[in-house]
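Now for the letters of each chain:
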Amino acid sequence: MGVLEYRGVSKRFGQHRVLEDLSLEVQSGEVFGLLGPNGAGKTTLIRVGLDILRADEGEVTLFGAAPNPKTLDRTAYLPEERGVYRRAKVRELLTYLGRLKGLKRAAARAAADHWLERVGLSRVAGQRVESLSKGMTQKVQIAACLMTDPELCVLDEPFSGLDPVNVGLVTDLIEERRASGRTTVLSTHMMHQVEALCDRVALIHHGTLVVYGQLDEIRRRYSRNEVIVWTAMDLVALGVQATQHKPGGWRVELPPSVTAAGYLDELVRNGVTIDRYEPLVARMDEIFVHLVGGGR
Amino acid sequence: MRMQRIAAVARFEFLSVVKRWSYLIATFGLPIFLAVVSGTVLGAQTYFLTQRAAESSQFGLVDESGVIDRAVFEQRDGARVWTANGNDVVLYDNGDVATSDLESGRLRAVYIVAKNYLSSGEVRAIQSDKTPLLSMGGTTIEPLLRSLLRKSLVEGRLDGDVQERVISPAYFIRSRLGPEGEEVTGVDEALDLLVRTTIPLFLGILLLTALLSASGYLVQTVSTDKESKIVEVLLSSVTPEEILAGKLFGLGAAGLVQFAVWSSMVVFVALSASAALASVVTIPWEALAVAPLLFILGYLFLGSLMLATAALGANAAESQKLTMGWAMLAILPLMVLVILLEAPNGTLGQIMTWIPFTSPLTVIIRLAVDPSGIAWWEVIGAMGVLVVSTWLSIRVGARLFRVGFLLTGSMPSLAELWRQAR
Chain A
48 MGVLEYRGVS
58 KRFGQHRVLE
68 DLSLEVQSGE
78 VFGLLGPNGA
88 GKTTLIRVGL
98 DILRADEGEV
108 TLFGAAPNPK
118 TLDRTAYLPE
128 ERGVYRRAKV
138 RELLTYLGRL
148 KGLKRAAARA
158 AADHWLERVG
168 LSRVAGQRVE
178 SLSKGMTQKV
188 QIAACLMTDP
198 ELCVLDEPFS
208 GLDPVNVGLV
218 TDLIEERRAS
228 GRTTVLSTHM
238 MHQVEALCDR
248 VALIHHGTLV
258 VYGQLDEIRR
268 RYSRNEVIVW
278 TAMDLVALGV
288 QATQHKPGGW
298 RVELPPSVTA
308 AGYLDELVRN
318 GVTIDRYEPL
328 VARMDEIFVH
338 LVGGGR
Chain B
31 MRMQRIAAVA
41 RFEFLSVVKR
51 WSYLIATFGL
61 PIFLAVVSGT
71 VLGAQTYFLT
81 QRAAESSQFG
91 LVDESGVIDR
101 AVFEQRDGAR
111 VWTANGNDVV
121 LYDNGDVATS
131 DLESGRLRAV
141 YIVAKNYLSS
151 GEVRAIQSDK
161 TPLLSMGGTT
171 IEPLLRSLLR
181 KSLVEGRLDG
191 DVQERVISPA
201 YFIRSRLGPE
211 GEEVTGVDEA
221 LDLLVRTTIP
231 LFLGILLLTA
241 LLSASGYLVQ
251 TVSTDKESKI
261 VEVLLSSVTP
271 EEILAGKLFG
281 LGAAGLVQFA
291 VWSSMVVFVA
301 LSASAALASV
311 VTIPWEALAV
321 APLLFILGYL
331 FLGSLMLATA
341 ALGANAAESQ
351 KLTMGWAMLA
361 ILPLMVLVIL
371 LEAPNGTLGQ
381 IMTWIPFTSP
391 LTVIIRLAVD
401 PSGIAWWEVI
411 GAMGVLVVST
421 WLSIRVGARL
431 FRVGFLLTGS
441 MPSLAELWRQ
451 AR
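If you read the sequences in order, they're chains A and B.
Quick note: the first sequence uses our numbering, first residue 48, plus one each step.
Quick note: the second sequence uses our numbering, first residue 31, plus one each step.
These are calculated hints, taken from the structure and not from any lab test.
Quick reminder that beta carbons are idealized off the backbone N, C-alpha and C, glycines included.
Each hint should be verified, as a subset may be incorrect.
Partial pick of chain A residues on the chain B-facing surface, computed with a CB cut under 7 Å [as the list claims (entries may be wrong)]: (1) Lys-117; (2) Glu-128; (3) Tyr-143.
Straight-line distance between alpha carbons at most 25 Å, and here's what the computed BS3-like set of lysine-lysine pairs gives [as the list claims (entries may be wrong)]: (4) A:Lys-136 - B:Lys-49; (5) A:Lys-151 - A:Lys-136; (6) B:Lys-351 - A:Lys-136; (7) B:Lys-49 - A:Lys-151; (8) A:Lys-117 - B:Lys-49.
Derived, one-sided and incomplete: chain B residues facing chain A with beta-carbon distance under 7 Å [claimed, not checked]: (9) Ala-38; (10) Ile-156; (11) Gln-157; (12) Ser-258; (13) Val-268.
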């Protein structure tokens with residue numbers, strides 16, 4: 048049973064259909080990538096899953112039940128349009144948000160201090176949020192989201208506005224969650240982060256599911272049967288139909304019946320000295336553009 | 031609804047508001063400001079009254095006609111003096127001496143009853159150049175002199191009673207034709223009515239001000255939440271009902287503190303008035319006693335509607351406009367105040383008692399002006415209606431609140447709101 052499941056979910060605003068008969072499932076312990084162009088319906092899908100909006104049709108279950116206050120206590124949400132009480136002090140704000148998730152006052156305060164330490168903001172605990180930089184404010188929001196150690200955490204564009212050091216910090220936090228068996232839904236346009244972090248993904252376009260499944264399997268599915276062979280030898284001179292990828296690197300398109308492993312055997316048997324050999328797997332940004340950009 | 035979450039929201043909202051300078055100034059600064067202003071005004075008045083008291087209150091009277099009855103004057107320090115209503119009237123035989131005393135400042139004015147008074151009725155009044163001309167109008171000396179002249183003219187010429195009636199022709203006894211016949215209306219009752227209408231009016235305005243002030247905070251907090259975009263974080267943790275209730279209680283507590291501080295002034299004034307005027311007036315204790323409860327119920331009802339409608343606005347200004355209608359309904363009793371004061375238990379008063387928008391203020395006014403005319407079941411019933419209306423408005427308000435909270439851009443149509451609020 049999935050942690051978060053959508054079955055035949057539709058939602059419209061006025062005449063505009065935002066979600067159309069959408070079904071997917073987020074499994075326990077995984078990092079799930081929710082992808083799609085702007086206006087695809089990702090935020091609405093998240094809102095419906097967290098009971099912020101109600102679906103017009105279909106069914107949503109959160110931890111096996113319809114979203115309710117108890118199941119929502121086991122989740123946390125970092126919205127894309129995230130807000131804070133700018134006049135509140137950092138620790139006060141975190142303590143308050145922890146209280147809203149059901150922590151006792153002392154526990155909320157302790158969690159606030161712990162997470163401010165984790166994101167390197169202990170020194171600003173007593174300052175007003177309005178005095179912080181954009182990046183620091185975002186780290187406060189991430190700390191607020193993770194401070195209850197939620198079983199399911201939905202992060203909408205958690206990397207936007209962060210410098211590389213802090214992107215690394217957030218990446219580590221997400222990895223830690225996976226290692227401890229916690230589930231994370233990651234909605235982002237940063238495809239290299241998706242490739243680095245996600246186990247499974249769903250790509251939504253115009254409110255419908257375009258691609259859904261294991262990340263590796265999807266990348267393979269949309270990959271052409273090509274390999275890069277890194278060798279000092281001239282493959283073209285050896286009669287191989289290859290194009291030069293980079294100096295010392297040759298791009299070879301394989302016939303559908305030939306596998307990358309089989310072709311490697313064949314090269315070795317023919318006496319080609321290989322420095323490096325890599326089957327070419329489609330990048331997520333290529334797949335994204337291919338699917339939502341009309342194949343451009 | 032989870033009480034702990036509601037309490038967390040309430041505490042946060044309460045502290046957010048009461049720490050603001052605007053709140054502290056409005057709550058504590060206003061009474062201090064009023065105390066300073068009224069103290070200054072009273073002090074200035076007292077000063078001028080003292081100064082005036084220090085001035086001479088003696089008047090000279092020269093009787094050239096010889097009609098004045100000398101018997102009312104008594105010898106004092108070699109002069110003939112008639113004292114009435116705190117004024118001393120000194121009788122002079124010689125006009126020059128009187129004028130000299132006027133010039134020296136011993137007298138405020140000299141009245142000369144002309145020689146041909148009986149035929150002309152002429153009495154000349156000469157004031158000192160130090161005394162402003164208009165200031166004599168405020169004294170009681172001239173009515174007293176008229177009485178003295180009248181008495182002097184008829185003394186011994188008429189029967190005792192007739193003479194008395196010529197001097198004092200009538201004592202008016204006012205009465206009102208009520209359901210139980212003619213009821214005498216004394217001077218005390220008029221004063222009582224004055225106090226009875228002033229205090230409820232003041233109390234009503236305070237109740238309304240505190241209600242609208244607390245509601246204003248509600249509108250402000252919703253706008254802040256919407257504009258700061260924190261609403262989704264809140265809604266992923268607590269239900270709209272819990273947010274709505276928490277905000278209502280937190281900001282209501284802030285409003286109640288404000289109302290308590292302000293109304294303590296009324297209680298203070300009432301207690302002072304009670305001590306000073308105990309023999310003539312009755313303080314509307316019934317109205318004062320139920321005022322906090324009516325404030326709480328009225329606030330919860332109005333506040334939940336305000337919150338729900340404020341959430342539909344895209345920004346603070348739009349939210350203010352949207353909630354203005356509720357405020358107008360709440361001040362309706364003040365618009366028809368004259369009718370309510372004249373007939374507190376009339377048809378209008380009775381109808382407005384049962385309308386949740388108008389009942390808090392109407393019940394206060396009715397209890398204050400004529401507590402015997404409103405039945406206990408009307409007070410309990412009005413509160414019951416308020417409780418039920420509040421429950422309903424919280425239920426409906428929470429749905430609108432959820433929809434409105436997430437709305438951005440232009441206002442949705444009513445049909446769209448209804449569809450999404452289901």
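message = Tell me if the straight-line CA distance from A:Lys-136 to B:Lys-49 falls inside 25 Å.
response = 13 Å, holds
task = Let me know if the C-beta of A:Lys-117 comes in closer than 7 Å to any C-beta of chain B, holds or violated.
result = Constraint on A:Lys-117 not satisfied, violated at 10 Å.
query = Between A:Lys-151 and A:Lys-136, does the CA-CA distance stay at or below 25 Å?
reply = 19 Å, holds
query = Has the given pair, A:Lys-117 with B:Lys-49, been kept, meaning a C-alpha gap of at most 25 Å?
reply = 33 Å, violated
task = Would you check whether B:Ile-156 satisfies its interface hint, that is, whether its CB is within less than 7 Å of any CB in chain A?
result = The hint is violated - B:Ile-156 has no Cβ within 7 Å of chain A, the shortest such distance being about 72 Å.
ask   = Straight-line Cα separation of B:Lys-49 and A:Lys-151 no greater than 25 Å?
value = 23 Å, holds
ask   = Close enough to count: is the Cβ of B:Gln-157 nearer than 7 Å to one in chain A?
value = B:Gln-157 check fails; min Cβ-Cβ to chain A is 66 Å, beyond 7 Å.
request  = Hold the hint about B:Ser-258 up to the distance rule: shortest CB distance to chain A must be less than 7 Å.
outcome  = At about 4 Å, which falls below the 7 Å cut-off, the nearest Cβ of chain A leaves the hint on B:Ser-258 intact, so it holds.
ask   = Under the criterion of a CB-CB separation shorter than 7 Å, is A:Tyr-143 in contact with chain B as hinted?
value = 5 Å, holds
message = Let's test the interface hint: is any C-beta of chain A closer than 7 Å to that of B:Ala-38?
response = Constraint on B:Ala-38 satisfied, holds at 4 Å.
query = Hey, does the B:Val-268 contact hint survive, CB to chain A under 7 Å?
reply = 5 Å, holds
query = Do the numbers back the hint for A:Glu-128, that is, is its least Cβ distance to chain B under 7 Å?
reply = 5 Å, holds
The earlier numbered hints that this structure contradicts are 1, 6, 8, 10, 11.
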